[in-house]
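Quick note, the sequences are listed as chains A and B, same order. Our numbering numbers the first residue of the first sequence as 280 and each following residue consecutively. Our numbering numbers the first residue of the second sequence as 8 and each following residue consecutively.
Just to be clear, a hint being listed does not mean it is correct.
[As the list claims (entries may be wrong)] Within a straight-line C-alpha distance of at most 25 Å, the following computed DMTMM-like cross-link-like pairs (lysine to aspartate or glutamate) qualify: (1) A:Lys383 with B:Glu730; (2) A:Lys383 with B:Asp31; (3) B:Lys566 with B:Asp492; (4) A:Lys383 with B:Asp733; (5) B:Lys112 with B:Asp141; (6) B:Lys641 with B:Glu180; (7) A:Lys383 with B:Glu530; (8) A:Lys383 with B:Glu525; (9) A:Lys383 with B:Glu737; (10) B:Lys566 with B:Glu488; (11) B:Lys196 with B:Asp178; (12) B:Lys569 with B:Glu603; (13) A:Lys383 with A:Glu368; (14) B:Lys566 with B:Glu530.
Since the hints were made in silico from the structure, they are not lab data.
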Amino acid sequence: MTAPKARRVEPSVEVPISLTVNGEAVEAMVPARQLLADFLREELRLTGTHVGCEQGICGACTINLDGEPVRSCIMLAAQVDGSAITTVEGLSSEGLSPLQQAFKDNHGLQCGFCTPGFLMTLSTIDPEEYPGEEGIREAISGNLCRCTGYGGILQAVRTAWDRPQDG
Amino acid sequence: MADTFELGGRPVYTGAHVTRRQDDALLSGQGTYVADLRPGGMAEMAVVRSPIAHGRITAIRTAAAAAVDGVIEVITAADLTDVAPYPNFAAYTQTPGTFPLAQDKVRYAGSPVAVVLAENRYIAEDAAELVEVDYTELPAVTSLEAALEPDSPRLFEDWTNNRLLDLQPDDSEVAAILAGNRVLRRRYKMGRHTAMPMETRAALAEVHNGRLHLWCTNQHAHIARTTLSYVLPLAERDIRVVIPYVGGGFGLKQHLYPEDVLVSWLALRHRRPVRFVEDRAEHMIAAAHARDHMIDIEAAIADDGRILAMRVQVVQDLGSAEIFPGAWCPALTTAAHMTGPYDIRDCVVSVAAVTTNKTPGGSYRGFGVPEAVFALERFIDEIAAEVGVDRLDLRRSMLLQPADLPYTTASGALLDSGSFAESFERVVEMGEDAYRQAGAHYRSDPDSRVGVGYAVLFEGVSPTHHGASAHWMGHESCTIEVQPDGGVRVASGVTDQGQGTTTFVATLTADALGVPIETVRVELADSDATPYGLGAFGSRQAVIGGGAILLAAADVRGKVKKIAAHMLEAPEDDLVIEAGRVHVAGSPVPAVTMAEIATTAVIRTIDLPPGMEPGLEATARYEPELMEHTPDEKGRINANAAYANAAHAAVIRVDLGTGEIEILDYILAHDCGRVINPPIVDGQIWGGIAQGLGGTLYEDLCFNDLGQPQTAFMDYLVPSAVEMPDVVIEHFESPSPNTPLGMKGVGEGGTVGPAAAIGNALAQALAEFSPQIHETPLSPAVVRAMIPDQRT
Chain A
280 MTAPKARRVE PSVEVPISLT VNGEAVEAMV PARQLLADFL REELRLTGTH
330 VGCEQGICGA CTINLDGEPV RSCIMLAAQV DGSAITTVEG LSSEGLSPLQ
380 QAFKDNHGLQ CGFCTPGFLM TLSTIDPEEY PGEEGIREAI SGNLCRCTGY
430 GGILQAVRTA WDRPQDG
Chain B
8 MADTFELGGR PVYTGAHVTR RQDDALLSGQ GTYVADLRPG GMAEMAVVRS
58 PIAHGRITAI RTAAAAAVDG VIEVITAADL TDVAPYPNFA AYTQTPGTFP
108 LAQDKVRYAG SPVAVVLAEN RYIAEDAAEL VEVDYTELPA VTSLEAALEP
158 DSPRLFEDWT NNRLLDLQPD DSEVAAILAG NRVLRRRYKM GRHTAMPMET
208 RAALAEVHNG RLHLWCTNQH AHIARTTLSY VLPLAERDIR VVIPYVGGGF
258 GLKQHLYPED VLVSWLALRH RRPVRFVEDR AEHMIAAAHA RDHMIDIEAA
308 IADDGRILAM RVQVVQDLGS AEIFPGAWCP ALTTAAHMTG PYDIRDCVVS
358 VAAVTTNKTP GGSYRGFGVP EAVFALERFI DEIAAEVGVD RLDLRRSMLL
408 QPADLPYTTA SGALLDSGSF AESFERVVEM GEDAYRQAGA HYRSDPDSRV
458 GVGYAVLFEG VSPTHHGASA HWMGHESCTI EVQPDGGVRV ASGVTDQGQG
508 TTTFVATLTA DALGVPIETV RVELADSDAT PYGLGAFGSR QAVIGGGAIL
558 LAAADVRGKV KKIAAHMLEA PEDDLVIEAG RVHVAGSPVP AVTMAEIATT
608 AVIRTIDLPP GMEPGLEATA RYEPELMEHT PDEKGRINAN AAYANAAHAA
658 VIRVDLGTGE IEILDYILAH DCGRVINPPI VDGQIWGGIA QGLGGTLYED
708 LCFNDLGQPQ TAFMDYLVPS AVEMPDVVIE HFESPSPNTP LGMKGVGEGG
758 TVGPAAAIGN ALAQALAEFS PQIHETPLSP AVVRAMIPDQ RT
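Bound conformation, chain A alone:
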């Protein structure tokens, strides 16, 4: 058998975007096909946004886009023109936020690769919409962690959300 036949590779078209990232204005010309995660990581050098699967499953690349948790590995940079983005680097201007501190205090991370995604998901959602213990699990069900077995993460969220575990 033969691999697919050769085809021409068209040059990318560049697109101007202007947005706010972690409170700072950013203007850039981006290749039309550039992924948002790659723009953040390679162009802005905000490498705290991690890319774990490039297919929208693991949640490591989650960012805050206009108040919503989104996966930056399945969005194009060209799509975020006019938006406000917060990445993990923008979660706290000084020291750790209470959520970050709760992760530290409760051993909510091991390798740390998935951690920014968890933090961004949690910092973007309203705890009221995720009631009870089940709600905590539901809130983070779109983020995968392979190290912790979630025990420390769940405890960190309980602490941050002031939600003691019942029986």
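With chain A held as given, fit chain B onto it using these hints.
Here is chain B on its own, set in the frame of chain A:
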């Protein structure tokens, strides 16, 4: 022996909840992983992979790809004229002759065939699609059963069969016992798993001052450096391997993969930095797979069910075996654990590791032990059912009791300590209670059945590397240097993939020197900055790395006291070191500080005691005395420095309609000897259980008859927070008399038990249907098929 390894004073940090060193950086997005590195002038590499499982390469056309704007070069195996195949040091195996790019044949879908170097990854991946490869397809071997057939197509034409490893020990003694007793036979299989760290593999090479610098995700800086020197035309002194933050390893990153070699070769050729970052789709087919064992047990059974003797055959599906170090060692490890923590004196295990047209198997947390525990613990439950005895009493009749220790197993493992019976009784007490509650809760639900299952196990930790490589052994290293300001630099061959090694090294160093932990700087995973060590595998780093730390610290501590005695004009034996100050015990003043002592040692050397050499540092290496590297004439080997133990209990509810297993309670009693950092130990156990549960219930890497991988990341169901149950952990501490501080490893005890505990719980829950539970995964479809459609 244990006396050699002392902390030197009252521990301040050992056993306490010391927060982890990297957490502030990791929580704020400042941890630098390989993929985060981007030196100026960097090019990126993409890999052209075989789309077929087995075939001969007849032509590779690269011109179209090479002509793409931004492509620097396209490379095939023919270009690697100065590259040697990975070595094979194991005389008892056949040699796959692994080469970084496929030479004449491809042996699995995903095999690297060519690489494209381009200005960025987008261009490299575009151009990779333009590389045309012609193949003559060959029949694929896609299961271990097929690979065992004598007329099976061969992956390697110069081999006589597909058995990379085939060990058939003399079984005449066991055969005689089998011949005179009731014999029970069962076959067990465990699915094909992969470690699936959240960070994929990555490597970045550059040439700096004429030397190769490789930043990579490997678990061993020095083994990686040495291996590169075997494969590349470079002296080892001209290679530096640095491992920055790593996003989980779990064994998968033990192997030095083709891409590590290829970025290095390209960086040397083009004199510019070259980066490769694996994407997850590649990871599914190109990073090490694991498990995929078949275990046949034949056992002679006494009237009361006790196992009198066992004859076992272990077969491991290696995939194409094109991986370094080789991947047969899990099968040997399975063999070494087949008797569990039971008094079974006669057990003979034959081992075959076979090649198939699948992604190469490799290391993964558990490393052969989950397979052994699943088979043996299911088998014991099946014996109990067959003979009509209580499964708990049957275990009690065979479990090693405190008076039996030390005990050498049939495979040669020296169990010098442990809480086998005690930990088992504790989880039984808790498990039975939870089971009663679950039974009461679901009694009136006609669509639910509940069950409790148990698994009790020992687990070799801190193994020799020789079983996997037939080359490296088992030592670890440490250098401790006290600098003139009193601060400490500690460098070791151990590495950190997120499990907390860095914090552990700081903890032990601080306590062993009597200094504040904040004054200790830890350097790991840089082959230029650390003494030669073997890094992360087999839950070894606390035990072996800890031993090296304690030995180096004892040297430094001795010299500190000598200098302080001279400065204080006090007898050395009266001195204590506390919080970085040395003074006479019981009288904190006068004291000299670590800074004053170190300044004396390396700057104002005129003030040293007469005849003393300048300097305040020591390097030590620790190789456990009792660890054996090669088996005796009967195949017995004590391959580990220590043996941890655990007992698992799972209480489950089965939905008869869907076949879904819900875990209601998961209880684990764990014994890793002396605990250094309780939250880190608990985190290892939770994480280990999650991986064990994933492999039991959800995870399986499937291939069709053509050898085409059928499992994408989306189908490989890594447990999320919704699937993961709460875990109750009970700690036992049985210090080993033979290890530093009595420590044993903790990384794997959680992973190795869930398949057995859940399998046994399922057998109880569905007992009315006489289910055949001999394989994992126990997915809803598999479980549903155990339940008749027409129930009474």
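Now for the hints, and whether the structure bears them out:
A distance of roughly 23 Å separates the Cα atoms of Lys383 (chain A) and Glu730 (chain B); the hinted pair therefore holds under the 25 Å criterion. Under the criterion of a C-alpha separation no larger than 25 Å, the hint pairing Lys383 (chain A) with Asp31 (chain B) is consistent with the structure, at around 8 Å. Only pairs whose Cα atoms come within 25 Å are accepted, and Lys566 (chain B) paired with Asp492 (chain B) is accepted, the gap being roughly 16 Å. The hinted pair formed by Lys383 (chain A) and Asp733 (chain B) meets the criterion: a straight-line CA distance of about 20 Å does not exceed 25 Å.
Among the hinted pairs, Lys112 (chain B) with Asp141 (chain B) is consistent with the structure: their alpha-carbon atoms are about 11 Å apart, no more than 25 Å. For the proposed pair Lys641 (chain B) and Glu180 (chain B), the alpha carbon gap of about 12 Å is at most 25 Å, so the pair holds. Taking the CA atoms of Lys383 (chain A) and Glu530 (chain B), the gap is about 22 Å. The hint holds against a cut of 25 Å. Among the hinted pairs, Lys383 (chain A) with Glu525 (chain B) is consistent with the structure: their alpha-carbon atoms are about 17 Å apart, no more than 25 Å.
Distance check on the hinted pair: Lys383 (chain A) and Glu737 (chain B) sit about 23 Å apart at the alpha-carbon level, within 25 Å; holds. Note on Lys566 (chain B) and Glu488 (chain B): the hinted pairing holds, with a Cα-Cα distance of about 12 Å set against a maximum of 25 Å. For the hint pairing Lys196 (chain B) with Asp178 (chain B), the CA-to-CA distance comes to about 23 Å; that is within 25 Å, so the pair holds. Distance restraint check for Lys569 (chain B) and Glu603 (chain B): the Cα-Cα separation of roughly 13 Å lies within the 25 Å cut-off, and the hinted pair is therefore satisfied.
For the hint pairing Lys383 (chain A) with Glu368 (chain A), the CA-to-CA distance comes to about 16 Å; that is within 25 Å, so the pair holds. Of the supplied pair hints, the one linking Lys566 (chain B) and Glu530 (chain B) holds, its CA atoms being roughly 22 Å apart against a limit of 25 Å.
When the structure is compared with the earlier hints, no violation turns up for any of them.
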